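Colleague: All chains, please: the whole structure from these sequences, using the hints.
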Amino acid sequence: MAPKRYHIRGVRLRLVRDSDHAAPNRLVSEPADAAEILAQYLAGEDRENIVVLLLNKDRHVIGINTVAVGSVSAVLVHPREVFKPALLTDAAAIILGRNHPEEEAAVTPDDIRVACEIGAAGDALQIPLLDFIIVAAGGAFVGLAERGLIPEFGMSGNQ
Amino acid sequence: MYRIPVYKVKLVKDSTQALPIKSISDARSAAGLLARYLAGSDREHLVALMLDVRGHVIGIHTVSIGTISQAVAHPREVFKAAILGNAHSIILGHNHPSGNPEPSPDDIEVTRDLVHAGRLLQIEVLDHIIVGEGERFVSLAERGYMTGGDAWAYAPSGTERRLLDAGAAA
Chain A
1 MAPKRYHIRG VRLRLVRDSD HAAPNRLVSE PADAAEILAQ YLAGEDRENI
51 VVLLLNKDRH VIGINTVAVG SVSAVLVHPR EVFKPALLTD AAAIILGRNH
101 PEEEAAVTPD DIRVACEIGA AGDALQIPLL DFIIVAAGGA FVGLAERGLI
151 PEFGMSGNQ
Chain B
1 MYRIPVYKVK LVKDSTQALP IKSISDARSA AGLLARYLAG SDREHLVALM
51 LDVRGHVIGI HTVSIGTISQ AVAHPREVFK AAILGNAHSI ILGHNHPSGN
101 PEPSPDDIEV TRDLVHAGRL LQIEVLDHII VGEGERFVSL AERGYMTGGD
151 AWAYAPSGTE RRLLDAGAAA
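Chains as they are written, first to last, in the working numbering: chain A, 1 to 159; chain B, 1 to 170.
Because the hints were derived from the structure by calculation, they are not lab data.
The structure displayed is predicted, hence computed values, not measured ones.
Do not rely on the hints blindly, as some may be mistaken.
[Said to hold, decoys possible] The list that follows gives simulated cross-link-like pairs (lysine-lysine, BS3-like), each with its CA atoms no further than 27 Å apart: (1) K80(B) to K22(B); (2) K57(A) to K22(B); (3) K80(B) to K10(B); (4) K80(B) to K57(A); (5) K8(B) to K57(A); (6) K80(B) to K8(B); (7) K10(B) to K22(B).
Modeller: What follows is the structure in structure tokens.
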């Protein structure tokens, strides 16, 4: 009798260009540049979104991907979802962004935890997290790295 | 104005492949699968078995061919397929063409680095199996190399220390 065999589904993963986002600038040389792109991209969203900006080695934004929608707790942001688009586009670095539907860009402990987890994972993959930026409805923003609230990733020199 | 592409990631069903076993229950079943997959290789192949949350094999990925050194077993390459394939955990495997499955110091060091990276990426490395001649194999998990107690002890730098400190401060 022939041995029983199980079938494994073969899947392909495709990066689909969904739309284009017109931005005034695609070079990110400081957090304000990233905040501007994020604020525009997330304008009018009624709930929290976590977005990843994909950067090339010249710090140009080569893509945007929405990672999670809803409330931002660490369980909802698995490194896998952040790094899927980064690996598929061969991104050299990433910036995470989150909107705050209110006027003030308040930092929560969850933001710091997510940033640290994703940053450490990024170091393992050699795709450093440059910053985690929270943008408020009114245009105000906070960069966690800029404020020194998270360690500088990609600088540990352990690779 | 610049146009920045907005991306989505989509899964596309491609094909199916037959496999003799469905789930990995212990090191022996993983070793059997790896031995079949690597049979007849004249040089070292490093592969990753990708598992779902129930321990079913959802894919096999050849990471590198040649010698197993840190240079060719970089976390980026090891975990790339696991991340893209939604793996819950992975089992590493490689063959020793000499037939003797005893781990070298390099094998142990590479394993520690990858276990550490897996914890950061939240894709656990369950075992590293070296297959030798016939049915001979060594499971580094059985030898105690994957469960070093303190996950952070594997840290190659101060990154995790800072991570923990930042978490505590928050």
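Colleague: Below or equal to 27 Å on CA atoms is what counts here, so check K80(B) against K8(B).
Modeller: holds, 18 Å
Colleague: With the threshold set at 27 Å, check whether the alpha-carbon distance from K80(B) to K22(B) stays at or below it.
Modeller: holds, 23 Å
Colleague: Given the hinted pair K10(B) and K22(B), is their alpha-carbon gap at most 27 Å?
Modeller: Holds - the C-alpha atoms of K22(B) and K10(B) are around 25 Å apart, at most 27 Å.
Colleague: Given the hinted pair K80(B) and K10(B), is their alpha-carbon gap at most 27 Å?
Modeller: OK: K80(B) and K10(B) at ~16 Å, within 27 Å.
Colleague: Are K8(B) and K57(A) close enough, with their CA atoms no more than 27 Å apart?
Modeller: holds, 22 Å
Colleague: Tell me if the straight-line CA distance from K80(B) to K57(A) falls inside 27 Å.
Modeller: holds, 19 Å
Colleague: Within 27 Å, alpha carbon to alpha carbon, are K57(A) and K22(B)?
Modeller: violated, 42 Å
Hint check: a violation occurs at hint 2 only; the rest are consistent with the structure.
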